[in-house]
Amino acid sequence: MLKSGSQQSAGRTTSLTLAAGPLRYLTLLLMLLGSALVLAADQRVLVMGRLSDDPGGTIGRLQPLLDYVVADLAEFGVERGQVIMARDANQLASYLRQEKVDWVGDTAAVALQLIDRAGAEPIAMVNKRGSKRYRTVLFARTDSDIDTIADLAGKTIAFQNTSSTSAYYLPAGMLLEAGLRPAILVSPLEKPAPGVVGYAFSRLEANSAAWVHKRVVDAAAVSDQDWNDAERIPTSFRDDLRVFAESPEVPRGIELIRSGLPAELREQILETLLNAHQDDEGRRALAAYFRTDQFTEPTSDDLEALYALRPWLRRVREEVE
Amino acid sequence: MRLGLSTRLSLLVASVLVLTLLVFAWFWSGLRQTESEVAARAAALLAERARTDLAVRATQTADYLGQALVNPLFYVDLRSIQDLLGPVQSQADVADVVVYDAAGRVMHDGSVDVAAFGEQIEQVLLPADGTSVLSWDQDLLRVTAPINFNNRPIGAVRVGFHLNPIELESAAARVEVDRQLAALHRRQGRSFAALGLAILILGAGSAWIIGRGWLKPIQELAVMSRQLGAGLYAKMPISSKRQDELGELVRSFAQMSEALAAHEAAMRREAQEDSLTGLANRRRFREQLERAVPHLNRKKAPAALLFFDLDGFKQVNDAHGHERGDQLLRETARLLKQAANELGLGDDGIVARLGGDEFLALFTGIEAAQRAERCAERVLNELGELKSIHLLGRSASASAGLALFPEHGANAKALLKAADLAMYAAKRRGGGVLCRFEPATDEVEDQRLIEDLGTQLNSSARSTQLYLRYQPIVALESGRIIAVEALLRWNHPSMGELPPVAFLQPALRAGLGQSLADFALDLALTELAEWLRGDQQRFVSLNVDPASWADTSLADRLQGRVQDAGIEPQQLCLELTERLYWDKPDHGQRQIARLRSAGIDLWLDDVDGGSERASTMRHFRLRGIKLDHRLIGGMLRTAEDLKQVRALIRIAGEAQLEVVAEAVESEAQVRLLREAGCRYGQGFGLIMPIDAEELARRSESDYAASP
Numbered sequence: 076m077l078k079s080g081s082q083q084s085a086g087r088t089t090s091l092t093l094a095a096g097p098l099r100y101l102t103l104l105l106m107l108l109g110s111a112l113v114l115a116a117d118q119r120v121l122v123m124g125r126l127s128d129d130p131g132g133t134i135g136r137l138q139p140l141l142d143y144v145v146a147d148l149a150e151f152g153v154e155r156g157q158v159i160m161a162r163d164a165n166q167l168a169s170y171l172r173q174e175k176v177d178w179v180g181d182t183a184a185v186a187l188q189l190i191d192r193a194g195a196e197p198i199a200m201v202n203k204r205g206s207k208r209y210r211t212v213l214f215a216r217t218d219s220d221i222d223t224i225a226d227l228a229g230k231t232i233a234f235q236n237t238s239s240t241s242a243y244y245l246p247a248g249m250l251l252e253a254g255l256r257p258a259i260l261v262s263p264l265e266k267p268a269p270g271v272v273g274y275a276f277s278r279l280e281a282n283s284a285a286w287v288h289k290r291v292v293d294a295a296a297v298s299d300q301d302w303n304d305a306e307r308i309p310t311s312f313r314d315d316l317r318v319f320a321e322s323p324e325v326p327r328g329i330e331l332i333r334s335g336l337p338a339e340l341r342e343q344i345l346e347t348l349l350n351a352h353q354d355d356e357g358r359r360a361l362a363a364y365f366r367t368d369q370f371t372e373p374t375s376d377d378l379e380a381l382y383a384l385r386p387w388l389r390r391v392r393e394e395v396e
Numbered sequence: 064m065r066l067g068l069s070t071r072l073s074l075l076v077a078s079v080l081v082l083t084l085l086v087f088a089w090f091w092s093g094l095r096q097t098e099s100e101v102a103a104r105a106a107a108l109l110a111e112r113a114r115t116d117l118a119v120r121a122t123q124t125a126d127y128l129g130q131a132l133v134n135p136l137f138y139v140d141l142r143s144i145q146d147l148l149g150p151v152q153s154q155a156d157v158a159d160v161v162v163y164d165a166a167g168r169v170m171h172d173g174s175v176d177v178a179a180f181g182e183q184i185e186q187v188l189l190p191a192d193g194t195s196v197l198s199w200d201q202d203l204l205r206v207t208a209p210i211n212f213n214n215r216p217i218g219a220v221r222v223g224f225h226l227n228p229i230e231l232e233s234a235a236a237r238v239e240v241d242r243q244l245a246a247l248h249r250r251q252g253r254s255f256a257a258l259g260l261a262i263l264i265l266g267a268g269s270a271w272i273i274g275r276g277w278l279k280p281i282q283e284l285a286v287m288s289r290q291l292g293a294g295l296y297a298k299m300p301i302s303s304k305r306q307d308e309l310g311e312l313v314r315s316f317a318q319m320s321e322a323l324a325a326h327e328a329a330m331r332r333e334a335q336e337d338s339l340t341g342l343a344n345r346r347r348f349r350e351q352l353e354r355a356v357p358h359l360n361r362k363k364a365p366a367a368l369l370f371f372d373l374d375g376f377k378q379v380n381d382a383h384g385h386e387r388g389d390q391l392l393r394e395t396a397r398l399l400k401q402a403a404n405e406l407g408l409g410d411d412g413i414v415a416r417l418g419g420d421e422f423l424a425l426f427t428g429i430e431a432a433q434r435a436e437r438c439a440e441r442v443l444n445e446l447g448e449l450k451s452i453h454l455l456g457r458s459a460s461a462s463a464g465l466a467l468f469p470e471h472g473a474n475a476k477a478l479l480k481a482a483d484l485a486m487y488a489a490k491r492r493g494g495g496v497l498c499r500f501e502p503a504t505d506e507v508e509d510q511r512l513i514e515d516l517g518t519q520l521n522s523s524a525r526s527t528q529l530y531l532r533y534q535p536i537v538a539l540e541s542g543r544i545i546a547v548e549a550l551l552r553w554n555h556p557s558m559g560e561l562p563p564v565a566f567l568q569p570a571l572r573a574g575l576g577q578s579l580a581d582f583a584l585d586l587a588l589t590e591l592a593e594w595l596r597g598d599q600q601r602f603v604s605l606n607v608d609p610a611s612w613a614d615t616s617l618a619d620r621l622q623g624r625v626q627d628a629g630i631e632p633q634q635l636c637l638e639l640t641e642r643l644y645w646d647k648p649d650h651g652q653r654q655i656a657r658l659r660s661a662g663i664d665l666w667l668d669d670v671d672g673g674s675e676r677a678s679t680m681r682h683f684r685l686r687g688i689k690l691d692h693r694l695i696g697g698m699l700r701t702a703e704d705l706k707q708v709r710a711l712i713r714i715a716g717e718a719q720l721e722v723v724a725e726a727v728e729s730e731a732q733v734r735l736l737r738e739a740g741c742r743y744g745q746g747f748g749l750i751m752p753i754d755a756e757e758l759a760r761r762s763e764s765d766y767a768a769s770p
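These protein sequence lines are chains A and B, in that order. Sequential numbering from 76 applies to the first sequence in the working numbering. Sequential numbering from 64 applies to the second sequence in the working numbering.
Wrong hints could be hidden among the right ones.
These stretches of chain A come out as covered by chain B in the derived footprint (C-beta under 8 Å, 3 or more residues) [said to hold, decoys possible]: (1) 261-271; (2) 282-288; (3) 308-320.
In case anyone wonders, no lab produced these hints; they're calculated from the structure. Just so you know, even glycine gets a beta-carbon here, dropped at the ideal spot from N, CA and C.
Turn these sequences into a full structure, and let the hints steer you where they fit.
Shown next, in the form of C-alpha cells:
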C-alpha cells in the first residue's frame with residue numbers, strides 16, 4: 076500500500092513535470108527577460124547570453140562560471156549574474172545591441188555573426204584538450220561508396236542545426252567549395268533530386284551517427300571533437316563508420332562582450348577568465364563550462380582564423396539558406 | 064417389535080445427536096467449500112484487478128509515448144526517441160518497446176545502437192481512431208498506440224508487458240490465502256469438535272437424567288400396574304417424595320390402588336356374602352359346591368348337604384313385620400354357623416343363605432353325615448328354644464333336608480335337588496324335623512303332589528293356591544319397568560310356598576304341562592290385561608313348556624287369547640330354550656313360522672354363549688335374547704364371562720336383537736351391562752318378583768316420576 080502510494084505519487088510528479096516543462100521554461104525566460112530589461116542599465120547584474128535549444132541543460136554549465144566572474148565584480152556594483160537563452164544568433168545579436176546581454180560565449184560561426192551584427196568584442200579563446208582549434212569531419216558507412224566529397228552528389232547528409240559551426244556552416248561550406256549543390260530535405264528519409272546533395276538537421280551528433288549507421292542518410296558531419304567522444308557517437312556505430320573528408324581548423328570557442336561595456340568591467344572580466352584555471356573554484360567553473368581547460372587571450376592567428384570563416388558563412392547563407 | 068420408553072428415548076437422543084453432528088459436518092464442509100470458493104474468487108479478482116491496473120498503466124504509457132513521439136518520429140530524432148523510451152524500458156515488467164513507422168519499419172527498439180532499426184515488424188497495427196489497442200497474449204500484454212501527425216498515423220509505438228509477474232503475484236497471494244484458510248479450518252475443526260463433544264456429553268447426560276429420574280419411576284409404576292391388574296393389591300410400597308408431576312402420578316397411583324383394593328373387597332363381599340346374615344350367598348355357595356365336588360371325587364371323600372327352610376316364615380313376616388322376620392333370619396344364621404363351626408364343616412364345607420328363608424350347610428370329610436345330622440338337630444332344637452324372638456306364642460321352627468354325596472347326588476345340581484326334596488319331605492311331615500333324602504318315598508310324595516295339583520287345576524273356581532309372580536324387566540338406563548316375566552308359584556296348604564322346581568317336573572311327567580300352561584296364560588292375561596293395554600310397548604313373557612311347544616295349534620290358541628284380552632299380539636312373548644327347539648327342529652321351524660305370522664314374539668332363554676351366534680339368532684327369528692344367570696353372575700369375577708357377555712351383546716346388536724340380562728343382583732353388574740350396551744335387565748338386584756297390584760302401582764309411580 077505504502078509502496079504503491081509512493082509509486083503513484085512518483086508517477087504524478089513525473090507527469091506534472093512533463094506537463095509543466097515547457098511552461099516553466101517560458102516563465103523562466105520571461106522572468107529573466109524582465110529583470111534584464113530593468114537591471115542592465117545600471118549594471119548591477121551581469122547578464123550572460125547563450126544560444127541553446129536546451130535551456131534547462133545549458134544553464135547548469137554557465138551559472139558556475141558566471142558566478143565565479145561576478146564574484147570579482149562586486150567593487151563595480153555588480154551584485155549577481157544572470158543567464159539569458161536565445162534560439163538563434165539573430166535573437167542573441169539583438170539582445171547584445173539592446174545591452175540586454177553583456178557576455179556571450181559560442182562557437183566561431185555564431186561569434187562571427189554577433190561581431191558582425193552587434194559589434195560584440197572577442198576577448199578570450201576557449202582551450203579544450205590542449206587545443207583551441209577544431210575541425211569538421213565528414214563520415215559515411217565503411218561499406219558506402221563515398222570516398223570523397225564529390226561522391227555526395229545525389230546523396231544525403233546530416234547536419235546538426237543551423238547554429239552549428241562544425242556541423243553546419245563548415246560542412247555546408249565544404250560542399251559549396253566542392254561545387255556541390257546542397258538542398259534541404261523535408262525528412263532525412265526523403266531522397267534528393269539527382270545531382271543534388273540533400274541535407275537534413277539531426278539536432279544531435281548522436282542522431283547524425285545513428286542516421287548514417289542505419290542508412291537513413293549517406294553521410295554526416297560532426298566536429299572532430301565529437302567524433303572522438305564515445306558519449307556522442309557510440310563505439311558500436313563508429314566501428315562501421317569512416318571519415319572521408321575533413322575541414323580546415325577553426326577556433327573552438329570565443330568569449331565576447333557587448334560593445335559599450337565599461338572598460339573596468341571588461342578588464343576585470345577578462346582578468347578573471349584568464350586566471351580562472353589558476354584556482355580550484357575557477358577550475359570547477361571551467362570544467363562545468365563545456366569542459367574548458369582554460370581561457371587564453373586571442374592571438375592574431377586566432378582572430379585571423381576566425382575571420383577567415385566570414386566568406387564561408389556568407390556563402391552558406393547566400394547559397395544554402 | 065416392542066420398544067420400551069428408555070430404548071425409544073435412547074434412540075431419539077442418539078438420532079438427534081447424529082442428526083446434529085451431521086448438520087454440523089454439512090455446515091462445516093459447506094463453510095469450507097464457500098471459503099475456498101471465496102479465496103479462489105478473491106485470487107481471481109486480484110489477478111483480474113492486477114490485469115486491469117496493468118491495462119490502465121500500459122494504455123497510459125503507450126498513449127503518452129504516442130503523443131511524445133510525434134516530433135521525434137517526424138524528425139527521425141532517434142536520440143530523443145531513445146530518451147523517451149528509456150524510462151519505459153527500464154520498468155521491470157516491460158518486455159520490449161518498439162517504435163515503427165507507417166510502413167511497419169522499426170524506427171527504434173529502445174537500444175543504444177537501435178539494433179532492430181529498419182526491420183519489418185510482423186503485424187503492423189496502426190490504430191486508426193487515435194486510441195491505443197490492447198492485445199493479451201499467453202504471457203504478454205501488448206499495447207499499441209498510434210503516433211498521429213495531423214490526425215494521420217505516421218507510425219506507432221508498441222509496448223509489451225510481461226504478465227508473469229501478475230501470475231506470480233496472484234499465485235503467491237493464493238498460496239498465502241490457502242495457508243491462512245488451512246489455519247482457519249484447523250481452528251474451526253477444533254471448535255466444531257469441541258462443540259460436538261459438548262453436545263454429545265449434554266445429550267448423553269440428559270438422556271441419563273431422564274432415564275434415571277423419569278423412566279425408572281414409570282417402569283416401577285408399570286410393574287405395580289401389572290400387579291394391580293393381577294389383583295395383587297397387597298401392600299404395594301408405592302410412595303414418592305418427588306414434588307413434580309411424576310410424584311403426583313405415583314401418589315395418585317397409590318390412592319387409586321387403595322381405592323381399588325377397597326372397592327374390590329366391597330364387591331367381593333357384595334358378590335359372595337348375604338348382607339343380612341353375613342353368611343355366604345347363593346352364588347358363593349353354588350361355586351363352593353361345584354368346586355367341592357371334584358375335590359371330593361378325587362379324595363373319595365364323603366359329604367353331606369343340609370337344607371333348612373323356616374316353617375311359616377311368610378306368616379311371621381305378615382304377622383310381625385319384616386323387621387321381626389329379618390331378626391329371625393339373623394338368629395337362624397347365627398345358630399347354624401355356630402353349630403356347624405363347632406361340629407366342623409370340613410375342608411370344602413360352607414354355610415350359606417340361599418335367599419328367602421332357605422339355609423344350607425355343606426359338610427365334607429369323614430363322618431360328614433353324622434356331623435350334618437347333629438348340626439340339624441342342634442339348630443332345630445335351639446330354634447324351638449329361641450326366647451329372644453316373640454312370635455305370638457309360637458316358637459320358630461324349620462324343616463331340614465339331608466342329602467349325602469355321592470349317594471343322593473353325584474353332582475352339585477343333583478345333590479342340591481336331593482337336599483331340597485328331602486326338605487320338602489320334612490315339610491310334608493309338618494315341619495320342625497330333619498328328613499334324609501330317600502328316592503323311593505320321593506315318588507310317592509310326587510304322586511300326592513300331582514293329585515293336589517290336578518285338583519287345583521280342574522276345580523271350576525279359580526285356584527287360590529296357584530298364583531303368579533311377575534319378575535319385572537326394567538330398562539337399565541331409566542329403571543322403568545318395560546315388561547314382566549310371569550313366574551308360577553304354589554302356596555301349598557301343608558308344604559307352604561312351592562317354587563316350580565318342586566312340582567314342575569312331576570306335573571310334566573303326569574301330562575299336566577298343557578293345563579298348567581293354559582292356567583298360567585289365562586291368569587297372566589287376566590291380571591295384566593289392563594296393565595298391558597296401558598302401554599302397547601309393554602309385554603308379558605311366559606316360559607314355554609315342552610307340551611305347549613309340541614302343540615301345533617299353539618299359535619291359534621295364543622292368538623285367540625290375545626284377542627280376548629284386547630291386547631296386541633306382540634305384547635305376549637314366549638321364552639324358548641335352545642334345547643326345546645333342537646329336540647325337533649323341523650317342528651320348531653314351523654312352530655316359529657306360525658307364531659311369527661300370529662304376531663307372537665319369541666325370546667331365546669338362558670343364552671350363555673357357545674353355540675349362540677348371530678346366524679343362529681337370526682335362524683330363530685327372535686325378538687331378543689335373555690342372558691343366562693350364570694353368565695351374569697360370573698361377569699364380575701372372571702374376564703371370560705365378561706368377555707362372553709360383551710360378545711353376545713355385540714352379536715345381538717348386529718342381528719338387531721334386544722338383550723335382557725337375567726339374575727342381575729348388584730349395582731356393579733348394572734354398570735358393566737350398561738357399558739357393554741345391554742339395555743334391559745331383570746333380577747333381585749333390580750326389582751324382586753311382585754304381584755299384579757304391586758306392578759300396577761309401580762308402573763303408575765314410574766309414569767309419575769317420568770318427565
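Cβ contact check, 8 Å cutoff: the stretch 261-271 of chain A against chain B, three residues minimum = holds (count 3)
Annotated coverage of the stretch 282-288 of chain A by chain B, confirmed only when three residues or more have a Cβ within 8 Å | The restraint on the stretch 282-288 of chain A holds, since 4 of its residues have a Cβ under 8 Å from chain B and three suffice.
How about the stretch 308-320 of chain A: do at least three of its residues have a C-beta closer than 8 Å to a C-beta of chain B?
-> holds (count 3)
Violated hints are absent here; each numbered hint is respected by the structure.
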